[in-house]
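4 protein chains.
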Amino acid sequence: MAKLYFRYGAMGSAKTLNLLAAAHSYRQQGKKVLILKPELDNRFGNLKVKSRSGLEKDADILIGPDTQLTLDHLSHLNGILVDEAQFLTPTFIEHLQQIARDFDIPVICYGLRTDFRTQLFAGSKRLLELADEIDEIKSTCQYCNKKAIFNMKLVDGKASLDGPNIQLGAEESYVPACASCYEDRVRGMKSSKSRRAVEESEAVVATI
Amino acid sequence: MAKLYFRYGAMGSAKTLNLLAAAHSYRQQGKKVLILKPELDNRFGNLKVKSRSGLEKDADILIGPDTQLTLDHLSHLNGILVDEAQFLTPTFIEHLQQIARDFDIPVICYGLRTDFRTQLFAGSKRLLELADEIDEIKSTCQYCNKKAIFNMKLVDGKASLDGPNIQLGAEESYVPACASCYEDRVRGMKSSKSRRAVEESEAVVATI
Amino acid sequence: MAKLYFRYGAMGSAKTLNLLAAAHSYRQQGKKVLILKPELDNRFGNLKVKSRSGLEKDADILIGPDTQLTLDHLSHLNGILVDEAQFLTPTFIEHLQQIARDFDIPVICYGLRTDFRTQLFAGSKRLLELADEIDEIKSTCQYCNKKAIFNMKLVDGKASLDGPNIQLGAEESYVPACASCYEDRVRGMKSSKSRRAVEESEAVVATI
Amino acid sequence: MAKLYFRYGAMGSAKTLNLLAAAHSYRQQGKKVLILKPELDNRFGNLKVKSRSGLEKDADILIGPDTQLTLDHLSHLNGILVDEAQFLTPTFIEHLQQIARDFDIPVICYGLRTDFRTQLFAGSKRLLELADEIDEIKSTCQYCNKKAIFNMKLVDGKASLDGPNIQLGAEESYVPACASCYEDRVRGMKSSKSRRAVEESEAVVATI
Chain A
2 MAKLYFRYGA MGSAKTLNLL AAAHSYRQQG KKVLILKPEL DNRFGNLKVK
52 SRSGLEKDAD ILIGPDTQLT LDHLSHLNGI LVDEAQFLTP TFIEHLQQIA
102 RDFDIPVICY GLRTDFRTQL FAGSKRLLEL ADEIDEIKST CQYCNKKAIF
152 NMKLVDGKAS LDGPNIQLGA EESYVPACAS CYEDRVRGMK SSKSRRAVEE
202 SEAVVATI
Chain B
2 MAKLYFRYGA MGSAKTLNLL AAAHSYRQQG KKVLILKPEL DNRFGNLKVK
52 SRSGLEKDAD ILIGPDTQLT LDHLSHLNGI LVDEAQFLTP TFIEHLQQIA
102 RDFDIPVICY GLRTDFRTQL FAGSKRLLEL ADEIDEIKST CQYCNKKAIF
152 NMKLVDGKAS LDGPNIQLGA EESYVPACAS CYEDRVRGMK SSKSRRAVEE
202 SEAVVATI
Chain C
2 MAKLYFRYGA MGSAKTLNLL AAAHSYRQQG KKVLILKPEL DNRFGNLKVK
52 SRSGLEKDAD ILIGPDTQLT LDHLSHLNGI LVDEAQFLTP TFIEHLQQIA
102 RDFDIPVICY GLRTDFRTQL FAGSKRLLEL ADEIDEIKST CQYCNKKAIF
152 NMKLVDGKAS LDGPNIQLGA EESYVPACAS CYEDRVRGMK SSKSRRAVEE
202 SEAVVATI
Chain D
2 MAKLYFRYGA MGSAKTLNLL AAAHSYRQQG KKVLILKPEL DNRFGNLKVK
52 SRSGLEKDAD ILIGPDTQLT LDHLSHLNGI LVDEAQFLTP TFIEHLQQIA
102 RDFDIPVICY GLRTDFRTQL FAGSKRLLEL ADEIDEIKST CQYCNKKAIF
152 NMKLVDGKAS LDGPNIQLGA EESYVPACAS CYEDRVRGMK SSKSRRAVEE
202 SEAVVATI
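Chains as they are written, first to last, in my numbering: chain A, 2 to 209; chain B, 2 to 209; chain C, 2 to 209; chain D, 2 to 209.
What the hints contain is simulated information worked out from the structure, not anything from laboratory work.
Hints are supplied without guarantee of correctness; some may be wrong.
Dumping the calculated PhoX-like pairs for lysine-lysine here, alpha-carbon to alpha-carbon at most 25 Å [claimed, not checked]:
no.: 1; chain 1: D; residue 1: K4; chain 2: A; residue 2: K159
no.: 2; chain 1: A; residue 1: K159; chain 2: A; residue 2: K147
no.: 3; chain 1: D; residue 1: K139; chain 2: A; residue 2: K33
no.: 4; chain 1: B; residue 1: K148; chain 2: B; residue 2: K51
no.: 5; chain 1: C; residue 1: K139; chain 2: B; residue 2: K4
no.: 6; chain 1: D; residue 1: K4; chain 2: C; residue 2: K139
no.: 7; chain 1: B; residue 1: K139; chain 2: C; residue 2: K32
no.: 8; chain 1: B; residue 1: K33; chain 2: C; residue 2: K32
no.: 9; chain 1: A; residue 1: K51; chain 2: D; residue 2: K139
no.: 10; chain 1: A; residue 1: K148; chain 2: D; residue 2: K33
Under 10 Å between C-beta atoms, here's a sample of chain D residues computed to sit facing chain A [what the hints assert, rightly or not]:
no.: 11; residue: S14
no.: 12; residue: H25
no.: 13; residue: S26
no.: 14; residue: Q29
no.: 15; residue: Q30
no.: 16; residue: G31
no.: 17; residue: S52
no.: 18; residue: S54
no.: 19; residue: H74
no.: 20; residue: H77
no.: 21; residue: G80
no.: 22; residue: D105
no.: 23; residue: S140
no.: 24; residue: A160
no.: 25; residue: Y175
no.: 26; residue: V176
Residues from chain A that keep clear of chain D, each with C-beta distances beyond 12 Å, as calculated [as the list claims (entries may be wrong)]:
no.: 27; residue: A15
no.: 28; residue: Q30
no.: 29; residue: L48
no.: 30; residue: L56
no.: 31; residue: T90
no.: 32; residue: P91
no.: 33; residue: Q120
no.: 34; residue: F122
no.: 35; residue: I138
no.: 36; residue: S174
no.: 37; residue: P177
Heads up, the beta-carbon is just placed ideally off N, CA and C, and yes, glycines get one too.
Work out the full structure: start from the sequences and follow the hints.
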């Protein structure tokens, strides 16, 4: 039984570059690998899987509402790599889990954990429920040197909580942030340290 | 800024023993630590935090619908440990995240990832969205030697998908399972290997 | 093929408690598990495997210079757990790796990474070379809230770099420390922050 | 205090690509990062840091026997990335640890764990002793679908244990392998499964 992997990371954590590197390694070893991406993500042209670093490759399959992998796809296959997996449907993720489990083909899904309101995407949720291995691809906060865990939406350079949670083609308006910098900018609060000094004498209940 | 940790594991993965070990280490170093548990979990008496291995300790605070930690609790505090964190409300988890972030107190939450229908608990969901670090506490499947990732409900020794997702005091009826053994028992299917041999010539679409 | 695991942690990180928890889980599932410990470690009586939290159990086998596991030991065995693995010989670790690989029995070794002079133990070195999985069991520094990565030797309450690297029965004289607190105490240096302010204008070459 | 990271992986695990991705992320955020590599590694021209996937960048500093980073290097620096860190001297790794600890600059070292005889390199050894975080960059075995943990040397397509442990410019003669495939090819043994069947009745002592 092969495993279903979820490798999650914030915006700009080089998830796609990791996927392309994995694809490269498989192929260098003479192994057959399929690259999938959701139809939804057509920022770079339908089939393009493109890393911000410049590296790119074409996906083998675009996943639409009715896509199912067939024995033709799975025959002699050594691995499946999925880009932008947060946009997959729960049903397709169950399909991938079944392939890993019953056909002994490792499936590695790369994607965001949460949207800019810190809510799981539908695909991320099902992956966090079903994955055999959950790994983080780390990156640093846009504003400090701590690890980024959230994705902040910027409209005209200011943090925003408005709009739909899927809005592609506007990648430049999302930045990775740690919990403090996210809170500071989204809630318009002062930095936690200055707050702490100020509020030391007040009830937590009041400040929360 | 301290971190919010989610250490998840299947039934029987010694999550509570890990919590008690962490509490012991803190106290051995002369550090102050708070142990919390949801009011809901009253299997062993209201305050008892009890590992299946026999070790136990009293929780300092039972978390009810209106519980909020105050400055009295947080003053000179070095850590917060939470048992059965899957049963917390999203609101209380946001409260914990704020404490880690703004009061620089590490918060370590131990809990199940999913219920016996492979769905996230409300508490696990919010933790998977907000945690700075997500770690797995590993254990083995009840039926084979692979890693357990799911929790299976047994009624009269048989896998079941019926009933509410929170049912305490009946701990003996949940067992840890890997994806294959879960599938075999819950769906009543044959083992993946024999299936594979049989179905090699059929369309995946048909078999899934 | 099963795996060889090395779960390393500093003094007081509850390694032994983790081992006892794993043994408990195996046995609760009706699985057969062997607990091994090096003969060398006779602090608690020859066979005793004892956690600082109070929990204890007898080891099944004491590993001496000529110990080899036989088919009698390995027959119907589901797992091998090793306490204080840093004291094993490289040869015995190769023996364990072979058992995991050729007999499909997972071997989980718990031990320290380095001695009080930040040098690998002979057993830890071979484990770090051969292990399929290397996991950290985390704990906090004795002096601050950061993660402990080193073990500091205390003689009359003061950090020391003298003496043999194996000295058992004197457990109270070792404490876990982060890199800063270790450096401060072992080298007698000021805290890195004050140093930094002072030396900001000097060449690093001179200060290192 | 920032951390010293060791991200180890077998040949072909895209360590360099990970480094280049990290450098890209830092610079995209307007942060200053230094890329270092040992002088020793001059396969692609002295300064070139080149991934097998095609991506490449120039290193900022070549580390020779007397290299020390100065305040000029460290001023306003947000991160240090080191390629082929297994070839560093223990002294230089202590230098890097000091920079992370005292100058609050994260240092991320990428490198091999062991040579083709499964022995730690001098640089890997010191990193495994001092690193605050040890992470694995995973890749698959050249011969099967399991995780690669060793590096096998091939001479005329056959596994070899001869020669110096540093031999650059001949990259094509090293391949990643799991423990079983390494053993099978290096020791010329049969696969563990067939061995097991044959030897079931013999003493392990005799077969090991």
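Inset, instruction - Hints the structure violates: just list their numbers, smallest first. - result: Of the numbered hints, 1, 8, 19, 20, 24, 25, 27, 28, 30, 35 and 37 do not hold.
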